[in-house]
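Q: Given next are the chains, with one letter for each unit.
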Amino acid sequence: MSTRPEIESLVQEVARRHNGFFARRVAIRAVLFASAFFICASLFWVTRGHSVPMVLSFVVGCTALVIAVVFFRWKRMKPAKAAQVTDRFFHLKDGIASARHLAHEHSDTPATALQWQWLAPRLAGCHPEKITEAFPRRAAIFAAALTGIALILGFLPASPSVKAAEQDASETLQRVTESKQALEQLIEELDKEIVSPEEKEGMKLDEFRKLVKAIDETGNRADAARQFARIEQKIRDASRSLDQQRDEETLKLAANELAKAEDTEARKLGKKLDGKELKEASEMLEKLAAKKVDPKDLKQDSKKALSEAKQDLAKMRAASKRLAAAGKQRQGARQAQGGQGANSQGSDGQMGTGSGDQGQAMEDMMAEIDDAAADAEKDLEEMEFDPNAAPFDGEAMERANRSLGKFGKRLRGMHAKGMAKSKLDQLRLGLAQAQSYCQGQGQSLGQKPGTGSSWSERQERDDSQKNGSLTQLQGQHGSGPSLSAVEEAESGTGISTRRGEVKQREFARQIESFVQRDDVPEALKLGVRNYFENLQSAQATEAPTIKE
Amino acid sequence: MSTTAASEPAIAHFRETFDRIRTAVSTFIVGQQEIIDDVLIAICCGGHVLLEGVPGLGKTSLINTIAQAIDVEFKRIQFTPDLLPSDVVGTQILMDREGRRELVFQPGPVFCNMLLADEINRATPKTQSALLETMQEKRVTVANHTHTLPLPFFVMATQNPIENDGTYPLPEAQLDRFFFKLQVGLPSHDEFKQILDRTGGNSRPHVSPVAHGADILRMGETLREVPIAPEVQDYLVRVVRGTHPNENAAKSVKQFVRHGASPRAGQAMLAAARARALLDGRFHVAREDVDSVALPALRHRLILSFEGEAEGIKPDLLVNDAIQAAKA
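Residue numbers (my numbering), protein chains in the order written: chain W, 1 to 548; chain X, 1 to 328.
Rather than coming from a laboratory, the hints here were simulated on the basis of the structure.
It is possible that part of the hints are untrue.
Unchecked claim - Cross-link-like lysine-lysine pairs, in silico, DSS-like; alpha carbons within 25 Å at most: (1) X:LYS254 - W:LYS75; (2) W:LYS321 - W:LYS200; (3) W:LYS321 - W:LYS234; (4) W:LYS81 - X:LYS327; (5) X:LYS251 - W:LYS78; (6) W:LYS409 - W:LYS315; (7) W:LYS200 - W:LYS163; (8) X:LYS251 - X:LYS193; (9) W:LYS130 - X:LYS251; (10) W:LYS406 - W:LYS287; (11) W:LYS378 - W:LYS291; (12) W:LYS304 - W:LYS260.
For clarity, every value in this text was computed on a predicted model and none was experimentally measured.
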């Protein structure tokens, strides 16, 4: 048998009333705690001048609602508890609890009937409406006040400076993205323009491609500037490693010497070198190479072949003499600068540290060409005077041509490096432009006119943001001169050095010994003694204040 | 309706008998209604009572009067230090029967329905312990022969709390066998005057028997039928367990109690609470009933710690703290 309906309805009504009061309390407390939490959380943004994100209010509200519902369902009054509360409130001495127990365990026993006889008349006087609870006015007022504050904070707009900073960040982000894309495009274009492997090796474009790809798209100008500066530094280093100033100076000297040459082709070569048209110069050097002479031809048709060979060799010799002269000048200048052992070191300060002719100094190459050409000329002269004297093998001429070819190859390498360097410089320029573009210094100079704001109190001043430049001068700690001691004029003696103090003591002794003389009047002696005593006592009492 | 224990006539019998005995006792004993009720509840539940109070408060008179009101065999032992266990439970004596000598069991004063152990703490622990089996098992074993006591059997003991010379505190095992420990207090001004009026003259009130042993046994059966809700039973268990110095106990209990009450205390409380409920006209046990019997049922079952003894902590305070902790 189930519990009597009178009992159950009473218990349910009591539980309903209590749960109603409990729900009211939970709702007020949920609002109170949610508002308090929202205020605390929103202060994080408001104190920094930001507006509170709308999602916060949504999250706090939903969380409070869920927690309140879960808490209510967890803690709401269950029937057993309601029975106990009913017993206590209506002074039923556990009659309800016992009746429910008897109904479940001993429904048809006389004990149940006896218990109901006692309980039934008392239930008639039990009215759940008598269960009341005072409205939690204080908590409700407090919750309402906090909710009001939370609403005010929630709808508080961001300060103008923060708005400007946010806009600036978004612009910076956009600019960084654009710059990154532009740089990637530039790298691809430069990659397409590469023609020689030397150029490709010198440019290290793959490395820069990776670096550009790794640029973090940030809204922070300083970070963006730092990233671009890092890549620019690497490009600068790579460009510096391609520097061939020494060889260019040697070529300049060579160009000057060649300009003095009587031979037209030598002068043309000089012009090419002067104009840094190294590829063309290299081609001209190939043309200067003497044709290969077969000793049999010289014997059969000695005059014609010999004169042709001599003409070729004379052209080569005209150029090689000038080149050798330029090389000597360069060597002399180096020795004058104290560059001992420069010959063995090759082109110092340059990238050319590889094996073979890349490691050989350019002036040595020039001298080698001239030596070989001179030897070949000598061989031809001997052949002319006495064709049967010694067999002409053309080895010297071969050596001269080889040296000439080596020099031409060197010039082509220089040309490739120069091209790579110019492209790297181009890339560096692009990076510099991207960097300045990211800093908002693209097309227009300066930012828009400043606006006055009372919101400045809410955020610390940041002049670097105000003037649009994040670059700030900062000294290196401990590198500059420092003031180690400060002497206060009022408290000091006026003597700042040890030498001065020694001088003063010496002067005092001299004066004292002077006044010890017999011819000095007694009054004067006394006056001098008093003067120095007073002076010493004043020094003793007013010790100089030295501030470290 | 059947005339089982849980029937209206049985309940009516319980209440009427209880009232008759109470009224009869009240003709001689002035005031002390609560003590009288508790003693009668203990009798109904088949328990033993330890009455504690300073001399002259009427402890012995109360027991004597109850014995007169209930028509049962009553005996009294005045406990003294030289009392022997055999003086209490009985002994074997050599008897000459038809020319043959044989050992015959001579029953002691415990062979009665109601035994007054006056000033029980004056006997030695050995003699006090003679009552252990008697009180719990309601039987006596002498010379390998067990002798059953007549039912109902109650021990009503008295002791004086202020005299320490020549007394032997009851051992814990002995104390635990007492259903209730009642503290008899000083009568009020008016009650004092009434005592003088009743006992100062030549005529003394005569108490006639109003109930028999069978009535007492029936009352015991009736109250055992009173139901108790699980919530109330939980509460009772919490109260008893709350007297132990465990984690959930009250701070004072943790501090001053060495050992709490035994399950026997819970049994006593349940029986007494049922009697209280019946006396209140209910046929179910309430928390109020448990509260009302907690003090007499638990106060002698708490063993205080050294700190509690040194501080002179009253066990009643600790029991009240345990009740409050159970309610929380």
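Q: Next, verify each hint and record whether it holds.
A: Cross-check of the supplied hints:
Straight-line distance between C-alpha atoms of X:LYS254 and W:LYS75 comes to about 30 Å, which puts the hinted pair past the 25 Å bound. Distance hint between W:LYS321 and W:LYS200 is unfulfilled; the C-alpha atoms sit about 35 Å from each other, more than 25 Å. A C-alpha spacing of about 42 Å is found between W:LYS321 and W:LYS234, which places the hinted pair above 25 Å, so the restraint is violated. Of the pairs offered as hints, the one joining W:LYS81 and X:LYS327 holds, with about 13 Å between alpha carbons and a cut-off of 25 Å not exceeded.
Simply put, X:LYS251 and W:LYS78 have alpha-carbon atoms about 30 Å apart, too far for the 25 Å limit, and the pair is violated. Distance check on the hinted pair: W:LYS409 and W:LYS315 sit about 20 Å apart at the alpha-carbon level, within 25 Å; holds. A C-alpha spacing of about 47 Å is found between W:LYS200 and W:LYS163, which places the hinted pair above 25 Å, so the restraint is violated. With a C-alpha separation of about 43 Å, the suggested pair X:LYS251 and X:LYS193 falls outside the 25 Å cut-off, and the hint is violated.
Distance hint between W:LYS130 and X:LYS251 is unfulfilled; the C-alpha atoms sit about 37 Å from each other, more than 25 Å. A distance of roughly 13 Å separates the Cα atoms of W:LYS406 and W:LYS287; the hinted pair therefore holds under the 25 Å criterion. Between the alpha carbons of W:LYS378 and W:LYS291 the distance comes to roughly 16 Å, so the proposed pair stays at or under 25 Å and holds. Between W:LYS304 and W:LYS260, the direct Cα distance comes to roughly 30 Å. Violation of the 25 Å bound is thereby established for this hinted pair.
When held up to the earlier numbered hints, the structure conflicts with 1, 2, 3, 5, 7, 8, 9 and 12 and fits the remainder.
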